[in-house]
Amino acid sequence: MNALTFESVEALHANLEQQFQIIDEQMKSAEAAERHLVDILNHALYSQNTELCLSLIPYMDSEQGKLAYQYCSKTRRLSTILRIIELESKSGKTLFVWNCRDEASLMEKYMLSLFALRRLLFRLSDSSAHDAIQYLRQEELSVFAVHLITQNDLIIPTPSLYEKIIAIYSGLWNDHDIHQLLYLIAHSITNKENYRHE
Amino acid sequence: MNDHKFCFIICTNNDLLLGEALHYIDHLEIPDGYEVDLLTVNDASSMTEGYNEAMTTSDAKYKIYMHQDVFILNKNILSDLLTIFHADPQIGLIGVVGYEVIPSGGVMWWGERLGNLYATNINECLKKYHDPFYYVAEVDGLFMATSHDLPWNTSLLKDWDFYDAFQCINFLEHGYKIAAPVQMQKEPWCMHDDGEVLNLSNYNRYRHIFMEVYKKYLGKHWSEIINESHPIPPDILP
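So the protein lines, in turn, are chains A and B.
My numbering applies: residue 1 is where the first sequence begins, and numbers increase by one.
My numbering applies: residue 1 is where the second sequence begins, and numbers increase by one.
Hints were generated in silico from the structure; no laboratory data involved.
The reader is advised that the hints may include incorrect statements.
Within a straight-line C-alpha distance of at most 30 Å, the following computed DSSO-like cross-link-like pairs (lysine-lysine) qualify [to be verified]:
1. B:Lys128 - B:Lys158
2. B:Lys5 - B:Lys128
3. B:Lys128 - B:Lys61
4. B:Lys61 - B:Lys127
5. B:Lys186 - B:Lys216
6. B:Lys158 - B:Lys177
7. A:Lys164 - B:Lys186
8. A:Lys74 - B:Lys75
9. B:Lys158 - A:Lys28
10. A:Lys109 - A:Lys74
11. B:Lys186 - B:Lys75
12. B:Lys127 - B:Lys220
13. B:Lys158 - B:Lys75
14. B:Lys127 - B:Lys177
15. A:Lys109 - B:Lys75
16. A:Lys74 - B:Lys158
17. A:Lys164 - B:Lys75
18. B:Lys75 - B:Lys128
Okay, the calculated bits of chain A under chain B, using three or more residues with CB under 8 Å as the criterion [what the hints assert, rightly or not]:
19. 15-27
20. 104-116
21. 156-162
C-beta: ideal position from N, C-alpha, C; glycine also.
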């Protein structure tokens with residue numbers, strides 16, 4: 001192995017400095033984009049304006065939206081929520097945002113839903129799983145919410161997790177809903193396998 | 001110092017995340033004869049200030065400094081930590097993700113990583129590293145378990161960056177080894193729900209400070225650092 005020369009160390013440091021400068025500039029744009037997203041969302045939720053919420057989806061595909069998505073976990077989660085309500089809206093389902101009056105309560109609902117799904121997955125204890133089931137029943141998540149949260153966030157869903165979720169929502173979801181969830185899961189798995197093979 | 005006591009120390013500014021982290025801690029198996037304590041520090045001015053404040057108020061020999069967005073998945077983590085600490089009394093610090101060499105540019109996570117973390121590809125190291133744990137130069141501050149108290153550097157570190165790198169060097173310079181479980185972590189011990197990119201303007205400033213203060217260690221293996229300082233800590237000399 002060649003030892004690092006003075007020139008190569010200098011080049012490494014110069015390269016790192018440049019990278020940090022780029023990241024710093026991009027972070028500023030990302031944070032501004034996230035603030036814009038949150039401002040619009042607050043207004044949309046306060047006035048229960050679904051169309052205004054959905055108008056943020058094209059913004060997520062813009063250069064600013066993509067930067068916010070890259071650097072900010074809140075934006076990534078808000079993006080997931082927007083996709084959820086887009087699908088729910090098209091399917092005539094109760095929207096994920098229905099009981100949220102601002103971005104803070106929306107994020108809290110999202111996080112608590114995610115926590116409940118994880119607790120169901122890890123089954124720390126009977127009471128932990130019971131609390132999770134109670135929460136999920138109370139919030140009445142749609143198949144789209146379950147699918148997108150489990151596919152997009154920091155959780156590795158198992159077939160057994162989906163079986164438990166389907167059992168929780170057996171009184172709320174009809175056969176079409178359940179088939180839709182299974183189709184979405186299969187579609188996601190196929191996409192991931194195609195991505196691995198590319 | 002109570003050598004049958006663990007203390008979790010968490011700096012926090014988010015009740016939702018903290019509540020969930022504590023839910024996982026509440027489900028840990030406590031080794032026979034041991035007790036567990038918890039100290040949370042709200043609105044600390046810096047990670048080092050918060051950690052020092054908590055460290056000096058706890059008599060626990062084993063202190064676990066972790067982020068509020070870390071969820072412990074291994075219910076037997078306390079026993080597993082004791083297994084590693086007892087395997088070599090020179091081990092003073094354990095983390096779940098570690099690095100054998102101090103990277104030349106000072107950025108910890110751009111080096112080759114050992115250990116494991118839920119839903120990441122860090123566990124690729126399992127194919128190459130076959131022992132229960134390995135000695136490292138640095139561990140990620142998301143989870144740091146110590147068996148000895150050393151003060152955190154509040155004079156140089158005023159924010160939320162590089163506290164882990166500085167403290168790791170501190171332990172090595174005092175002759176303590178640092179370990180990261182590898183084969184003991186076939187299933188990851190922790191999940192880290194961070195997501196946010198750090199405030200990198202601060203991060204880069206502290207990176208420069210780190211490289212200036214510890215320039216003699218840049219690019220060095222942990223064994224070179226520990227041997228340059230004290231070979232064995234005075235309190236564990238026979």
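Here is how each hint holds up against the structure:
1. B:Lys128 - B:Lys158: Judged against 30 Å, a Cα distance of about 38 Å means the pair is violated.
2. B:Lys5 - B:Lys128: Violated - the C-alpha atoms of Lys128 (chain B) and Lys5 (chain B) are around 35 Å apart, more than 30 Å.
3. B:Lys128 - B:Lys61: 33 Å, violated
4. B:Lys61 - B:Lys127: 34 Å, violated
5. B:Lys186 - B:Lys216: It is violated: about 34 Å lies between the C-alpha atoms, which goes past 30 Å.
6. B:Lys158 - B:Lys177: Holds. Lys158 (chain B) to Lys177 (chain B) sits at ~26 Å (cutoff 30 Å).
7. A:Lys164 - B:Lys186: Holds - the C-alpha atoms of Lys186 (chain B) and Lys164 (chain A) are around 26 Å apart, at most 30 Å.
8. A:Lys74 - B:Lys75: 29 Å, holds
9. B:Lys158 - A:Lys28: Holds. Lys158 (chain B) to Lys28 (chain A) sits at ~22 Å (cutoff 30 Å).
10. A:Lys109 - A:Lys74: 13 Å, holds
11. B:Lys186 - B:Lys75: Holds - the C-alpha atoms of Lys75 (chain B) and Lys186 (chain B) are around 14 Å apart, at most 30 Å.
12. B:Lys127 - B:Lys220: 24 Å, holds
13. B:Lys158 - B:Lys75: Distance of about 34 Å is beyond 30 Å: violated.
14. B:Lys127 - B:Lys177: Given pair Lys127 (chain B), Lys177 (chain B) holds - Cα atoms ~24 Å apart, limit 30 Å.
15. A:Lys109 - B:Lys75: Given pair Lys109 (chain A), Lys75 (chain B) holds - Cα atoms ~27 Å apart, limit 30 Å.
16. A:Lys74 - B:Lys158: Distance of about 26 Å is within 30 Å: holds.
17. A:Lys164 - B:Lys75: 22 Å, holds
18. B:Lys75 - B:Lys128: 26 Å, holds
19. 15-27: holds (count 6)
20. 104-116: The restraint on the region 104-116 of chain A holds, since 4 of its residues have a Cβ under 8 Å from chain B and three suffice.
21. 156-162: Result for this restraint: violated, n = 1.
When each numbered hint is compared with the structure, violations occur for hints 1, 2, 3, 4, 5, 13, 21.
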